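Chain residues, written in single-letter form:
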Amino acid sequence: MSIRIPEDWRKAVAPILHQGLNGTIQMPREARRRWLNLDTKHYDQALYSLLAHELDTPGAIYGKKHTMNEEGECYSFSFRYHPPSAKGEIDLYTKLNLLPDGQVVIIYSAHP
Amino acid sequence: MNSFTQRLVPIEVEEPVCIPPALPGSEVRTIMVKVPAMQDPKDGEIYLGVEATAILDKAKARHMGVLAPQELAELRKRLGLTQKEIAEVLQIGEKTWSRWETGREIVSRSLNLLLMALYEGRVNLPWLRAKCFQEKQPAPAPRLRSRGFEVLFQQRMSWNTLTDALRASRSAANMTGMHHYSHFAIYTHTHAMPAAVVSPPPRAVAHFPASQFSAVEVPAECEELCSV
Chain A
1 MSIRIPEDWR
11 KAVAPILHQG
21 LNGTIQMPRE
31 ARRRWLNLDT
41 KHYDQALYSL
51 LAHELDTPGA
61 IYGKKHTMNE
71 EGECYSFSFR
81 YHPPSAKGEI
91 DLYTKLNLLP
101 DGQVVIIYSA
111 HP
Chain B
1 MNSFTQRLVP
11 IEVEEPVCIP
21 PALPGSEVRT
31 IMVKVPAMQD
41 PKDGEIYLGV
51 EATAILDKAK
61 ARHMGVLAPQ
71 ELAELRKRLG
81 LTQKEIAEVL
91 QIGEKTWSRW
101 ETGREIVSRS
111 LNLLLMALYE
121 GRVNLPWLRA
131 KCFQEKQPAP
141 APRLRSRGFE
151 VLFQQRMSWN
161 TLTDALRASR
171 SAANMTGMHH
181 YSHFAIYTHT
191 HAMPAAVVSP
201 PPRAVAHFPA
211 SQFSAVEVPA
221 ECEELCSV
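The listed protein sequences correspond, in order, to chains A and B.
Position 106 (the first sequence) corresponds to 106 in the numbering used here; numbering is contiguous.
Position 68 (the second sequence) corresponds to 68 in the numbering used here; numbering is contiguous.
These aren't lab readings, by the way, just hints derived from the structure by calculation.
Note that the coordinates shown come from a computational prediction; the quantities given were computed from them, not determined experimentally.
C-beta: ideal position from N, C-alpha, C; glycine also.
Check the hints yourself; a few may be wrong.
Partial selection, computed: residues in chain B whose CB lies under 10 Å from chain A [stated by the list, open to error]:
| no. | residue |
| --- | --- |
| 1 | L8 |
| 2 | V17 |
| 3 | K42 |
| 4 | Y47 |
| 5 | V50 |
| 6 | P69 |
If the Cβ cut is set under 10 Å, some of the chain B residues that face chain A in the computed set are [stated by the list, open to error]:
| no. | residue |
| --- | --- |
| 7 | V13 |
| 8 | P20 |
| 9 | L48 |
| 10 | E51 |
Covered, in the sense of this in silico footprint (three residues per stretch, anywhere, with C-beta under 8 Å from a C-beta of chain B), are these stretches of chain A [said to hold, decoys possible]:
| no. | region |
| --- | --- |
| 11 | 23-36 |
| 12 | 39-46 |
| 13 | 69-77 |
| 14 | 99-106 |
Next up, chain A with everything else stripped away, as it sits in the complex:
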C-alpha cells in the first residue's frame, strides 16, 4: 500500500545525499551496476544529487515502507528522470534507508 513519505525523513536524507561526505552513503555493488547500465553519459555521483533534488522538491512523495536486514527507516518510491542519452523521461525506482544514527543512507536501488 502506498503511503506518503514523511517530511522529516526527506529532510534528513536529502542533505546527506546532497553533501556526499565520505562514509555517509553506501550502495550495494549490484545496485550501482544497475544505475551504471542505465546510461553511459552520466556519472556515478549524479545519482546522489538526483535523489537529493527529488526529496527536496516541494510536494508529496508517495511510496512504500520497507523492513530491511539493516536497521533504519527505509522507503521506496518512483520518480521521473530524463537520462542524458534518452529521448524522454523514464520512471526511476529507488529504495533508500536512513540508518538510526541519522548520518548514513543506504541506496538499495536506482533503476527503471
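Given chain A's structure and the hints, the job is docking chain B onto it.
Chain B alone, transformed into the frame defined by chain A:
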C-alpha cells in the same frame, strides 16, 4: 550485535566503468577500476561509498579527456564563483553548469578545452570576463579622443595599429601638457594576443608592468608606450 556501519569490513574491489563513445558510431568501452569498498560479513554484500564513486567518476572523466564533476566544482570554488556566476562568464545556462558539476551530464568537449585551460591556469578569470564583456557590448568603432585621452580600439585590431594609436594618444597628451591617461582600454581579438582591458587610474599606468596585464603578452614596444 554490531550496527551496520560497525560491522563493515574494508576491502578493495574492481568495478566496471563505461566510457561513452567519443564519436558517433563508435562503441562504448568498459574499463575496470580498483576502488575501496566495504563488505558486510553478515551476508557478504559489498557496498560502494562516496570515496569509490569519486574514483570511478574521475577514471571515467580521464578516459574521456574531460574534467570530472568534482574538478569542475573545485575549479568554480577556486575562482570564488557561484554556479550562476560561472555560467554567466562561460555564456552557458546555469542549469547546464549544474548538470555538469553534479555529474548528471558530461561537459561538452568544446567547452571542456576552455575549462581545462582555466583549470591549468593557462587562461584566467579576468581574461574570460573581458571576453564576456566584449560579447555583451556592441563592438566599439575605432576612435581616438584627445580630451581625456581615452583610447578605444575595435576588436581584431593589429598591434601595429594599436601602438600607432597609443603613440598618437601620447603625443596628444604631451601637446596639452597632460601626461596621463584618464582611461586606458586595449581590446584585441586575435589568437596570438588575447583580449585585455586595462583601466589604471591616472598616472598609475607607469606602475603597471606588462607582466601584470591579464593573460596578455604585451610586446616590448607596447610596454614602453604603456609606461608613459
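We went through each hint and held it up to the structure:
Residue-level restraint check for L8 of chain B holds (minimum Cβ-Cβ distance to chain A is 8 Å; threshold 10 Å). At a threshold of 10 Å, the smallest CB-CB gap from V17 of chain B to chain A is about 8 Å, leaving the interface hint in force. Proximity of K42 of chain B to chain A holds as hinted, the smallest CB-CB distance being about 7 Å (cut-off 10 Å). A cut of 10 Å between beta carbons decides the hint on Y47 of chain B: the least distance to chain A is about 4 Å, and the hint holds.
For V50 of chain B, the shortest C-beta to C-beta distance to chain A is roughly 5 Å, which falls under 10 Å, so the interface hint holds. Annotation: interface hint on P69 of chain B holds; nearest CB of chain A at approximately 6 Å, less than 10 Å. Satisfaction of the interface hint for V13 of chain B is found here, the shortest Cβ-Cβ separation to chain A being roughly 7 Å, below the 10 Å cut-off. Taken as an interface hint, P20 of chain B checks out: its beta carbon lies about 4 Å from the nearest beta carbon of chain A, inside 10 Å.
This hint holds: L48 of chain B has a C-beta 5 Å from the nearest C-beta of chain A, less than the 10 Å allowed. Here the hint on E51 of chain B is kept, as its CB sits about 5 Å from the closest CB of chain A, short of 10 Å. For a cut-off of 8 Å, the count of residues in the region 23-36 of chain A with a CB near a CB of chain B stands at 10, and the three-residue condition holds. Counting residues of the region 39-46 of chain A whose beta-carbon sits less than 8 Å from any beta-carbon of chain B gives 7, enough to reach three: the coverage restraint holds.
Evaluation of the coverage hint for the region 69-77 of chain A: fulfilled, as 4 residues show C-beta separations to chain B shorter than 8 Å, against a requirement of three. Counting residues of the region 99-106 of chain A whose CB lies closer than 8 Å to any CB of chain B gives 5, so the stated coverage by that chain holds, three being the minimum.
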